[in-house]
Structure formats: structure tokens, C-alpha cells
Amino acid sequence: MIKSILIFNNHGKPRLIRFYQYFAEDMQQQIIRETFHLVSKRDDNVCNFLEGGSLIGGSDHKLIYRHYATLYFVFCVDSSESELGILDLIQVFVETLDKCFENVCELDLIFHMDKVHYILQEVVMGGMVLETNMNDIVAQVELQTRMEKSEGGLSAAPARAVSAVKNMNLPEMPRNINIGDINIKVPSLSPF
Amino acid sequence: MPAPIRLRELIRTIRTARTQAEEREMIQKECAAIRSSFREEDNTYRCRNVAKLLYMHMLGYPAHFGQLECLKLIASQKFTDKRIGYLGAMLLLDERQDVHLLMTNCIKNDLNHSTQYVQGLALCTLGCMGSSEMCRDLAGEVEKLLKTSNSYLRKKAALCAVHVIRKVPELMEMFLPATKNLLSEKNHGVLHTSVVLLTEMCERSPDMLSHFRKLVPQLVRILKNLIMSGYSPEHDVSGISDPFLQVRILRLLRILGKGDDDSSEAMNDILAQVATNTETSKNVGNAILYETVLTIMDIKSESGLRVLAINILGRFLLNNDKNIRYVALTSLLKTVQTDHNAVQRHRSTIVDCLKDLDVSIKRRAMELSFALVNGNNIRGMMKELLYFLDSCDPEFKADCASGVFLAAEKYAPSKRWHIDTIMRVLTTAGSYVRDDSVPNLIQLITNSVEMHAYTVQRLYKALLDDISQQPLVQVASWCIGEYGDLLVSGQCEEEEPIQVTEDEVLDVLEGLLVSNLSTPVTRGYSLTAIMKLSTRFSSVNRIKKVVSIYGSSIDVELQQRAVEYNALFKKYDHMRPALLERMPIMEKTATNGPTEIVQTNGETEPSVVETKHLPPVTQPANQANDLLDLLGGNDVPVIQTTMPTKPASAGGELLDLLGDLSLSGGPTPAPAPSVPSSQPSFLLDGLSSQPLFNDIATAAIPPMTAYNKNGLKIDFTFERANPNPNVAVITIHASNSADADMTEFVFQAAVPKTFQLQLLSPSSNVVPALNQGTVTQVIRVLNPQKQQLRMRIKLTYTLKGSPVQDLAEVNNFPPQSWQ
Chain A
1 MIKSILIFNN HGKPRLIRFY QYFAEDMQQQ IIRETFHLVS KRDDNVCNFL EGGSLIGGSD
61 HKLIYRHYAT LYFVFCVDSS ESELGILDLI QVFVETLDKC FENVCELDLI FHMDKVHYIL
121 QEVVMGGMVL ETNMNDIVAQ VELQTRMEKS EGGLSAAPAR AVSAVKNMNL PEMPRNINIG
181 DINIKVPSLS PF
Chain B
1 MPAPIRLREL IRTIRTARTQ AEEREMIQKE CAAIRSSFRE EDNTYRCRNV AKLLYMHMLG
61 YPAHFGQLEC LKLIASQKFT DKRIGYLGAM LLLDERQDVH LLMTNCIKND LNHSTQYVQG
121 LALCTLGCMG SSEMCRDLAG EVEKLLKTSN SYLRKKAALC AVHVIRKVPE LMEMFLPATK
181 NLLSEKNHGV LHTSVVLLTE MCERSPDMLS HFRKLVPQLV RILKNLIMSG YSPEHDVSGI
241 SDPFLQVRIL RLLRILGKGD DDSSEAMNDI LAQVATNTET SKNVGNAILY ETVLTIMDIK
301 SESGLRVLAI NILGRFLLNN DKNIRYVALT SLLKTVQTDH NAVQRHRSTI VDCLKDLDVS
361 IKRRAMELSF ALVNGNNIRG MMKELLYFLD SCDPEFKADC ASGVFLAAEK YAPSKRWHID
421 TIMRVLTTAG SYVRDDSVPN LIQLITNSVE MHAYTVQRLY KALLDDISQQ PLVQVASWCI
481 GEYGDLLVSG QCEEEEPIQV TEDEVLDVLE GLLVSNLSTP VTRGYSLTAI MKLSTRFSSV
541 NRIKKVVSIY GSSIDVELQQ RAVEYNALFK KYDHMRPALL ERMPIMEKTA TNGPTEIVQT
601 NGETEPSVVE TKHLPPVTQP ANQANDLLDL LGGNDVPVIQ TTMPTKPASA GGELLDLLGD
661 LSLSGGPTPA PAPSVPSSQP SFLLDGLSSQ PLFNDIATAA IPPMTAYNKN GLKIDFTFER
721 ANPNPNVAVI TIHASNSADA DMTEFVFQAA VPKTFQLQLL SPSSNVVPAL NQGTVTQVIR
781 VLNPQKQQLR MRIKLTYTLK GSPVQDLAEV NNFPPQSWQ
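Heads up: the sequence lines are chains A and B, in that order. Quick note on UniProt numbering: the first sequence kicks off at 1 and runs consecutively. Quick note on UniProt numbering: the second sequence kicks off at 1 and runs consecutively.
Hints in this document: simulated from the structure, not taken from any laboratory. Do not rely on the hints blindly, as some may be mistaken.
[Claimed, not checked] Below are the EDC-like pairs computed for lysine to aspartate or glutamate, each with C-alpha atoms no more than 16 angstroms apart in a straight line:
| id | chain 1 | residue 1 | chain 2 | residue 2 |
| --- | --- | --- | --- | --- |
| 1 | B | 322 | A | 142 |
| 2 | B | 322 | A | 60 |
| 3 | B | 78 | A | 151 |
| 4 | A | 115 | A | 142 |
| 5 | B | 186 | A | 136 |
| 6 | B | 334 | A | 136 |
| 7 | A | 41 | B | 393 |
[Stated by the list, open to error] Listed below are several chain A residues computed to face chain B (Cβ distance under 10 angstroms; list not exhaustive):
| id | residue |
| --- | --- |
| 8 | 37 |
| 9 | 69 |
| 10 | 147 |
[Claimed, not checked] If we take Cβ atoms under 7 angstroms as the criterion, some of the chain B residues that face chain A in the derived model are:
| id | residue |
| --- | --- |
| 11 | 60 |
| 12 | 247 |
| 13 | 291 |
| 14 | 323 |
Just so you know, even glycine gets a beta-carbon here, dropped at the ideal spot from N, CA and C.
Construct the complete structure from the given sequences, taking the supplied hints into account.
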């Protein structure tokens, strides 16, 4: 079972956190910090498996991570998962993100955190691997996004209102009223 | 009220914050805005607000006030709302909040929704955080969805079922009918999750396991298709067809085949095929091979297959990719118990891995190396391991040191080598050695009698170099206290003896007492060592001075010791030699695992075990009770020895003295009750007079036949019990030359009053006919007065249905058995 999935950048800022086991909020943040601490110390040419991190509980778990450019993808798993298989899974997940976002980069993850969660939901459910076929995943995510868009989406106001305003026919209004320079001449007052 | 800002805006704003305080301020402002928006029950923007809340939650800020809002979103009709609502529920809610139960109804409705994505969302949420009540309520719906033809829903339902089973194991049977045709699916997603479901069910219940064994042929077929099907672009990952599914199926096969011959038989072919055909150039292929190897090792595979598996692991070990090597070391560790010899072949590669830079690999290699140590390779392996100990990180040192001690104890080729190894560990990793190793080491040193001089010399030299490592210092000071005379007399045969004067030795020990590096325990050791030297050295005055100084030490433990030693100098000087003589060899009660060292009278080991030996000793006229400890049993009765009273009372005082010294390196009272009036000079002679060396005397006593009648023959063989020569260990061998078995065979013995007898349990109570086997039983006889051994024996047995009883006297004991 996958106990948690963490994505954070080279400075430890979390980009996505998903726990499949209950932890209190402050515990979650502590786990993120500890994981970052452990993973960032690793050289690039050592193996991708780490033991340690007592916070996440139990001695049965390992951290399997991959470092892509500025991001660390860390999966914390227990002994029922194959280590090499999880490495492949991380690869599949990242490639799926790439397909959904068109050359994904960190900014995409930052600004579309909810979408990343939805994609992840199609890959891993309840700590277990759900689907590994990239095309299937992408197709399903696409369909759901379309459903959302037809309802107006997350950030938009009701779609009809927006489109209504767009379609309003307003007469051309002079936008720029060019007053020009006004020279105010002060008339000379005749001295009395 | 203006529309709340979009998620994107919020994120952008937060990113402009330059300090943590600024960020916190922005977030607090936004939280306030969100809270008021929630209060206004604004339906339009609720989804936006919750999305922002989730973002802030990820950064670590409290978001609990959004929990109820998530529920409202879930209840909404819009897909967008539901989506973000369910996400919020999964991130913010869990069983511990009561709010989550309110979701149950919504989830139930959504499970029956017309849109498959809504159903999917509901399944996902239930599968992530459903509590047992929710699972119980909704299991029926999940089961229904498990049978649907929509593959999208089916795979989600399968994983949801796994979660339900984990939460409420009793519901497992409910899902059984639905699993019937799960494996005939074409869709790989459904196949994958079904295999997960089956795996979970098999792991939880042995009944399910036997039920699903009949699926093995089907699984083998699916696996075969995957391998042979050639290129299929859909499921391809680096040229291999759906490796995830292959791995899962292999895992399920492992569980099904474990311990079952038929299933293992059915799997042999496919496993061999996978093992040979899979490409190993990419990680994917290696993942499959790894899983295959694990499966082969776990099921009852034929030996050819096992050899293939270990060879694959050996190849992994040589791979450049660190991950592969790590994985190989892990699996070798699992298999080393069962296929020890095969793994031995790769020993040199494993030992090389000790030098790897990667911490994870080093740790694995260390564990594996310890598992591979045996009598043949001990010298070579130990060299490597000691080198590793020198250069490894501190986090490994403690484990490595303990491992080295254990291995050395089990396989040491010679005593000298053993002591050298220990010395090496103490000097290099001394401060990381575990606390309980000190008593073990001392016991080991005491037992290797011929090495005393060599040991003490080496320890002394080590002490001159470095006094910061406490375990080393403790062992060294104990040894110097015990064998200081050997040190000064320069008797060492093994090595060039060094010239040390008594003053130099005392300097070193006193140095320990005053040094800042010494812990209180170490100081205790050194004070006792100094005291012991008072009987071994001639310069007693100096020692007296030291001891009296510490009579006013601030440390209570030191003070107590010093005061008592002082008393020893003043009032009990006549007892001093007896008290401070050499320690006899200590016997271990168990040979494996944690040992309780059965100590003789008076302790030097500061371990708690000893205190419980002291109370039985504080009885008058009971020096003989010390022997009880030697006999090793708690159930041996008190020996009534005819002891002259004077030593008895002296013994009593001694023992009272002992009673106060709980954890000290206490002096030893005389362990020679049979010659109580015998002189201090006898006791002071040190090694030679001590009856400690009879452990070698097992030869010499010939066996004898004690009884031979009616076909039953009983032979006695003798051994000396170590360390006490007064205990004879007799092993009886009963053999039956009649043509029928003797059943219910009971052997009883009685000895005259001056002896004590202990009968251990027999090997069996049936003596097979026609000398086909023997029954053995061990008798221990304590003979403190060295009188001639006589025994009356009574035999009862049943032969051919009729009971037989016989009495006999045994008088023909060889003289060596009781002298």
C-alpha cells in the first residue's frame, strides 16, 4: 500500500501532498519537512530507495523517490509494493502530467493544484494503484474536465453571465475625450 | 460584496510574499474573507473558496472550518462542485471527525448517479477515507458496481472493495460471488485491480486462499498472453507489455503457490519462461525479474529454478544501476536462510558492496555479510567487516559492533583470534559498543584462561593510548585488577612481554579515577581494580591511601566502595586475601541469545541479574549455597554440609558484607567449602591452585555397566561438571536386547546422605527392542566430601504387557568419578 505521495521542490516547498493514512495537520507538515530533509541530502548517483523517516510510522515503510529538474516526487510505501514497480509508476505519473499539461513544469503544478489531484486520483486510489495506462488516464481526465467546463468551471462566475456580457451590444462610446491643452489666460486686470 | 478572488490570483499573491510573516498575513486575510463568504451561504462561489482553502491547507495552515462546506458542495448538483467537494473531503476529513458520517447519504446517492464520473468520485472517496460504518452501509452498492460492465467503474469498485474489506473484514464473503468472472475481463485496468482484490482476500483468509487456488491456471494463461502477445502500443512501457499487471500477477501467484505443491507445479514453466525471456536492459524488465525471483524463492519450486533465481540475483548485484543492486541485496537477505550455499557464491560481490558510497546499499550489505559468516570464511569476512567498522558512519557502528561480537563468539577459530578481534572493535568503535557487551566480554576473557597474560597486556597498552572509550576502559580496568600480577611479572608467551612496574599500573588506574572522561561506572570499576591489586601487588600503602581518599568522594557509589574497602584494610585484613582472590570461571546458562550469566558468589558485573543471587546467599553457614548457583538450578535443595562453625560465621559476616554491595565489583568470598580451614596462601596462589581447569578433564573416566539383567542393560558414562569438580555428571544409557519394547520405562536412583542427586528428564520412556536405540538420562551427583560414590537404582518398565520392577545397587564406580 502506498502510504503517501509528496511532491516538493528543491527548497522543500510542497507542491502536492496526499496522505492515504490519517495524520494530524501539524504531523503532516512535520513529515514533509523530515522527508525533504532526508531526500535532499542524497546525491544524484545513489539509489532511489531510502529507509528512515520514523515519523511516518512503523519500520515497514520505505521512501521511493525520483528527482526531476526542480521537483522531488516521493512515494512512501510499505513492503507490499514492489520497489522497482513504484519507480515505474512515478515515471508513468510524470509522463501523464506531461501529456495533460503540455510540457509540464513546476509552475503548472503550482497553479493547477486541483487538476494535479484529479489526475492523481485516476492513478492511485486509496493507496493502491488504479490505472497505469497513460492514454486511458488522460482520456478520462479530459472528459471530466470537459464536464466541468460546461458548467462554468471552478474559477469562473456562472458562464451564462459572462457570455451575456460579452454579447451585449453597446453603442460605440467615445473612449477618449481629448480635451487638449487648455491654456488659461488670466486676463490682466486693469489696475484701478 | 465583491466576488472572491480566484484561486490563481490567490496563488499569485501568495507567491509574491517575501517572508513567512507576509505570507501568513495574506493568508489570514483571505481566510477571513472566505469565512464571511461561507457565512453568507454563497452557492456560486463556494467551490472557488474551498479550492483556495485546500491550497492553503497544503501550505500548512488550518482549514477545518471548510469541512462542512465540503459537505454542502458534495450535495450540490453540479459536477464541478462535487469534484472539489469530494477532494476537500478526502483531504480535510477523516474518521475522527463526526462530520464525515453526514456524507454517507450523499455518497449513496452518487453511487447510483447516472453519470459515471460522479459514481467514480463517490467510489474514490469511499475507497480513500470510508470509515467502518460507512463501509458497512455502502458495501452493497459497491458490490453491485463490481458486477457492472462499465470498466471504468468496475476497476474503481474493485479497489473500493479492498478498502471495505480492510475496514470490515467480515464483509469479505459478500464480494466472493462478484469475483467469479473478474479475471475474464479484457480491460487491463480492471484486470489489475481485480488481481489486487484477490490478493487482499487471499492474504486475509486462508479459506479464500484455498478457494482461489483453482484460479492458478487462468492466471498463468493471462501471464503467458502478456509475454507472448508481442507489441501492443496501449500497454507498452519501454517495450514490455503491461509490466504492472505482470508484476501483480506474479505476486498473486506467489501467495497462491506458497506451501502448495500442485500450484507450484503449475507455475514452474511460466516462471522459467518469464525469467529467461524478459529483457533486462531497462528498469521495467528488472522489476519483473525481481518479482519473479521472489516468487520462485517463496513457492515450492524445483531446484533448477531456484538456482536460476539466485543467478539472476547475482547478475543484479553486478549491475551498474544502484537501484538494482539494492533490490538484489534485499532479496538475497530474504533467501539467505533457505539457500545459504547458493548465496555464499556471491559473497565477494556482497563484501565489495560494503565499500559503496550509498548508505542504503551499505546497510543492506552489512546485514547480508553478517548472515553469510560461517566457520570457513570467518577470518576473511572479519577482516572486511572490521575494516568496514573503521570507516563507516556512526549510525552503523553500534550494529556492526554487535554483529562482530556475535559472529566472533559463534565462529572464532581460536581464543587468541577472538580476543584480538574484540580488542580491535573496542579500540576502534569502543564508544558505540552496547552496554551489555562489557559483561559478556569479561566473561569471555575469564574463560580463556591461557590468554590472560596476553589479554591484560594488550588491554594495558590500549589503555595507555586512549582512555575515552568507556567500554574499553571498563574491560581493561577489570582485567588489570584481576590479572595485574601477570602484567607486572611479564609472563606473556604470545607476545613480547612489556616491562611494567606496579607503580605504573597504579598510575594508570588512578588516572582513570580522576579523569573527566570516565563515567561513574568506570570509576567504580577502577577503584575495585585498585583494591584487588592490593593482594596481588606488594605496594599496599599506596593503595590504602587511594582508597581512603575516596572515602569522602561526592559520588555516593564511589564513597561506599571506598569506605568498605577501607574497613577491609582495617578490621578485616585477615579476610582480605580470601575476598580478593581470582574470580572463578563463569558459566553461561544458555548458549544462544541473551545469556543470563550464572555468577558464583560475589559479583563483578554491574548487572541487575546478580542482585537476585545475593539474597539466597545471605544465610548463615551457607557458603555452600554458592554451589547451588554452580549447579545451575533453582530447584536444588540446600546442601547440609558439615561445616566447622568458625568459617561459617566468618562466611556469614562476609556475606553480610556482600549483601550491602549490590552493584559493585565486589570481592569474592572463598569458593572452597571443602577445605575451609585451608590457608590464605592456598587461595592466594592464583591460577594454579584454583580448581578451575578441570573443564579439560572430560577424558579419563571410563564408562561402566551398572546393571544388566533380563535384557535391560544400563551403562554409565561420566563427565566432570565444570567448574566444580565435586559434581559428577553421569549419563545413563539404557538399551534393551529383548525382542519387545520396554514401555513406561522409569529410572530412579538414590544416594547416601552425604551426596546430593539431581535427575534430569530422560530422552524418552520407551526402550526399543533388540538394541535398536537407547534411552538416555543425565544424573548430577554432588560429592563434596569426596566419598566413594554408591547408588541404589530402581527400574520400572512394562515388557510384553506385564510390569516389571527391580532394585539394584551400584558399587563399582571407577575411583576417578568421585575423587
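Could you work out which earlier hints the structure fails to respect and list their numbers in ascending sequence?
-> Numbers 1, 2, 6, 8, 9 - these are the hints that the structure violates, sorted from lowest upward.
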